[in-house]
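Student: Listed below, chain by chain, are the residues.
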Amino acid sequence: MTRIAILTPSLTTGDAVGNDALGMYEVLSARGHNTRLYAEGWASVDEYKIWPADKIASFLKSPSDLLIYHYSRGWDFGLDLLRDLPCRTAIKYHNVTPPEFFLKFNKDLARMCLEGRAQLKLIAAANCDIYMSASAYNERELLDEGVDESRSYVVPPFHHIDRLANVEADHRILEAYEDDRTNILMVGRISPHKGHPALIEAFAAYHLDYNPASRLFIVGKEDPRLEVYATGLRAIARYLKVEDAVVFAGGVSDHALKAYYSLADVFMITSEHEGFCVPLVEAMSMKVPIVAYGSSAIPGTVDGVGLVWTERDPYLLAESVNAIVKERETACALGRMGLRRYEENFTNRKIEAEFLKAIGNLL
Amino acid sequence: MTKVAIIVQRCHETIVGGSEALAWQYASLLKDEYEVDVLTTTAVDAAYWTNVLPEGTEEREGVNVRRFHVDLGYSPYRTEIFTRMLQDFDRFGCGRHSAPDGAAKHIPWSIPLQEELVRRIGPYSDSLIKFVRDHWTDYRSIIVVTYLYPTAYFSQLEIPAGRALFAPTLHDEQPAYLSVYKHAAHRAHSLIWLTDAERRLGVNLWGDLPGRIVAGAIDARRREPALHDEPYLLYCGRIDPNKGCSELFDYFMRFKEQNPSPLRLVLTGKDDVPVPSHPDIDFRGFVSAEEKFSLMAGALLYVMPSGKESFSIVTLEAMAQATPALVTAKSDVLTDHVKESGGGLIYSDYESFAARLYEMLSNESERERMGKLGREYVVNRFVPEKIRASLIEAVESCPKPHEDGVESSHFASTQMQTASLPKIRERAQTAPTPLYDFYDSTALPLPRGWSEQELREMLLSVQVEDGPVEELKNYVRADFKRFIYTLGLVPERSGQTILELGANPYFTTTLLSKFRDAELHLANFFDNSSREGTQKVAVHQTGEVVDYSFRQFNIEEDAFPYEDDSFDVVLFCEIIEHLLSDPVHALVEIRRVLKPGGILVLTTPNVARTENVRKIIAGENIYDPYSGYGAYGRHNREYTKQELTELLNANGFNVNVMFTADVNAEDRASNHLNAVVPLLQHRRSDLGQYIFCQCVVNQGSKDSYAVRPRWLYRSMPQEEEPEH
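Protein chains in written order, with this note's numbering: chain F, 1 to 363; chain Y, 1 to 724.
Hints are supplied without guarantee of correctness; some may be wrong.
Unchecked claim - Distance windows between CB atoms, simulated: (1) F:E227 with Y:P241: 21 to 31 Å; (2) Y:S98 with F:Y177: 43 to 53 Å; (3) Y:A99 with F:K350: 38 to 48 Å.
Unchecked claim - If you want the footprint, here are the derived chain Y segments under chain F, 3+ residues with CB under 8 Å: (4) 341 to 354; (5) 687 to 698.
Said to hold, decoys possible - Calculated cross-link-like contacts (lysine-lysine; reagent style PhoX-like; alpha-carbon spacing at most 25 Å): (6) F:K107 with F:K241; (7) Y:K308 with Y:K105; (8) Y:K105 with Y:K330; (9) Y:K595 with F:K326; (10) F:K241 with Y:K481; (11) F:K107 with F:K121; (12) Y:K481 with Y:K615; (13) Y:K481 with Y:K514; (14) Y:K615 with Y:K514; (15) F:K326 with Y:K182; (16) Y:K330 with Y:K256; (17) Y:K270 with Y:K339; (18) Y:K615 with F:K350; (19) F:K326 with Y:K481; (20) Y:K308 with Y:K3.
Simulated from the structure, these hints should not be mistaken for lab results. Bear in mind that the values here come from a model prediction, so they are computed numbers and not experimental data. The C-beta atom is built at its ideal place from N, Cα and C for all residues, glycine as well.
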């Protein structure tokens, strides 16, 4: 019987790659496969048994076994496994952030990303049995590196959005922001490639010129290695005289996240590099209208159910927010369209179907 | 046979509830004409929505009842959000006429939060909603009953716009003020109202909507009056403070105290709150329909204290038994029934309750008359045949499922959304006021007791004789703030002698004479015609007319016609940029005529201002146009703060204060600036339109040396060796 190992260098929940790996594990285990999760390091995943990555060779012994390697950064160990293991291999490509974004802030992270992008060529050349990409944008990169189209599939990442619908909103947050201000929300790690400066600019344009009774929630974990960036964001907010209206919520629990989505009138994102962007889908599921700068995978994920611009112009974004806030019909319509898109493309059930379609022959 | 669906949150014979009863009635009235499916949940109680009845289809009296499983029932979380909604209703002053224009004020919650509440009010059934999504085309029409519950709300979102019928059974309660219900109502093809009062409330809350008053049929068959020794008042339904029952108990008990009589109060229904134990209050619990009608027939009066009726089937049933109704004024629906029929009385407080009751107790013929009128009203209006005909008409008026006409909501939304993008782009192009206010705007130093408005008006009324009126007024409008900043730099000591260079057109002069206790000396340069002159200046606001005499000389060529050390303050404002050849000459002369420790106030445009940065980036010229007033009329050379500082320091002045500030909103920033903002950060304080400076004569520099820096003067003759 086929043994399946799902491998990623590090595994945590609340992380797009981590949730995808766990989702795959759930689906395959439920179907009765002998599946294990392997990682070099892991945190906050007590409900799951994680095996140390260096033990993987003793698990995947037969040519009919399967390695699913989640690729989001450079890792020599992973690359070696692709070369050395006798079994079948599948790649799940989440995309690697271009190193330029980290140069001014953390050289180590920049180096990791540089390695990640360099190793991508090698991954593509490793002749894996199938290559799954989280988005068409990611797939394009693999195809450009020479991956055979017949082996390439687009499989969105598994997520915990169903949890979001049913979890109870943290009432302390509902209470803290209980007023009739317009709330704009962004969810995403505090990392330089997520375009927070442009977000704050756009919010400032909206706040100062359209609606001073407005507020920006920036929800996302801050990485101590990127402290300079996080501090810089607060300086930008002060400089633009909106520091009282911007809330840096940090990393939050599911209950808190639910509260922020419940309070949101608009979801706005100006990220410059995304491999899929799970928060966009969270917003869709919560019927929060989307305004975005359409970089990388964002237009593909949104696909017409939000206001997506090709220019990162604060006035365009501000006017978009205004259009949504002023015209309730637009807000309702966009919200409904977003939910419909989520239900038709991005529920875990749908993703499972795509996943099994891709991986079926290897089981 | 053509199918019709009715969506309602509960459906079972044991259920006591107005909207459920209405839904069942409509189903019964339509079942001969159509095959009727009632889409509902497996819940029986309206507090917990527990799954009690089996899932699936049950046939009952010719109607198919399809029950779906409840996924979200009651939870403490629901109470939390619901309470929050009630609190916010009060906090934001919502209500029927609470908006500034007298319209209804809705609760200002985001849509996701509102929908979270609706979902949690329960009963939320995923499978019912999916069924509606997948099968709405199976039905000729769908009637959604009652606005409040997620069964109705989310189904309305699944049925494409302009197709469903909606019977909201609306009444004036806090949840009705959530705006999502309004949007849902507008998706319907048309509305089914129970009364005109309900329709009026609907218009107030949701705006104009197409619809018809269908009402409901009332069982009006006469029953034998229940046998009773004593006369009794009757109430049937939920015993609940929300239905006014606490008030009813209170009023009845007080009445009995004040008016001893055999009168009793009989109640039937469900006691959600305990009925007080009182010898004359008789709670019968849940009774059969026949027993209820019998009790109604035998009652003295039917009493209805509930302000939250959307139709009040029970009251009409009682009236149909020729029993007069005693109703609360709190409900438009009830008062409408009573007023239109003449079959009852209205009370608004204890006094009126007691008075009406007392009247009725003693007046049998009046009771009979009213009873007759009430019965006529019900029998003529709420007849099953009439209701059925209205319902069928409503169903047939809806577009057939496969008819075009109204596009699916999804498609219409996409169209709308793609159409709005260009509009948004267009609106964004007309750039609003700037994102970046660079200057730390110094507060306007308004003279004590004067507001900005007052000062503006005063200055606007200053008019020099023969001056170009409109041009000068525009000048004041544009530069008003600059005059005030300038005034602020002139010390307030009394008894000063002040020299103002370039006094014409006398706005600053007017401010100086009003707000400084000083001897003013004025100088102008129009031409070389004479050494002095006078100009009349009128301040129209006060009616003053002043003659200002001035000396005339060229400050960059002539020696100033004053003795050394004559003045405490010299104003040298908006002049240096007009000079053609030798600004240092002016500075040196100023230094000479100032007393030791004297003050120089200098103002001039800031060449490095934001406007010029923008212009250069945009490829526009920053030079001043040629002037109709001649070479001196033009800005010939503008300065930066740094240059001025150097020039002043080099020529014997110490700078006390120097700042830049914007004085008007002309030519503010636009998109071009966004990219360079980071580059301008280091000189945030250098970007204002004007430079304002107060300096003092350096003690040791009263000798007549002059420094003409090479950056300001080039190709000079050898004798005047420049510094730096």
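Student: Checking against the hints above, which ones are violated?
Tutor: 1, 2, 4, 5, 6, 9, 14, 17, 18, 19 and 20
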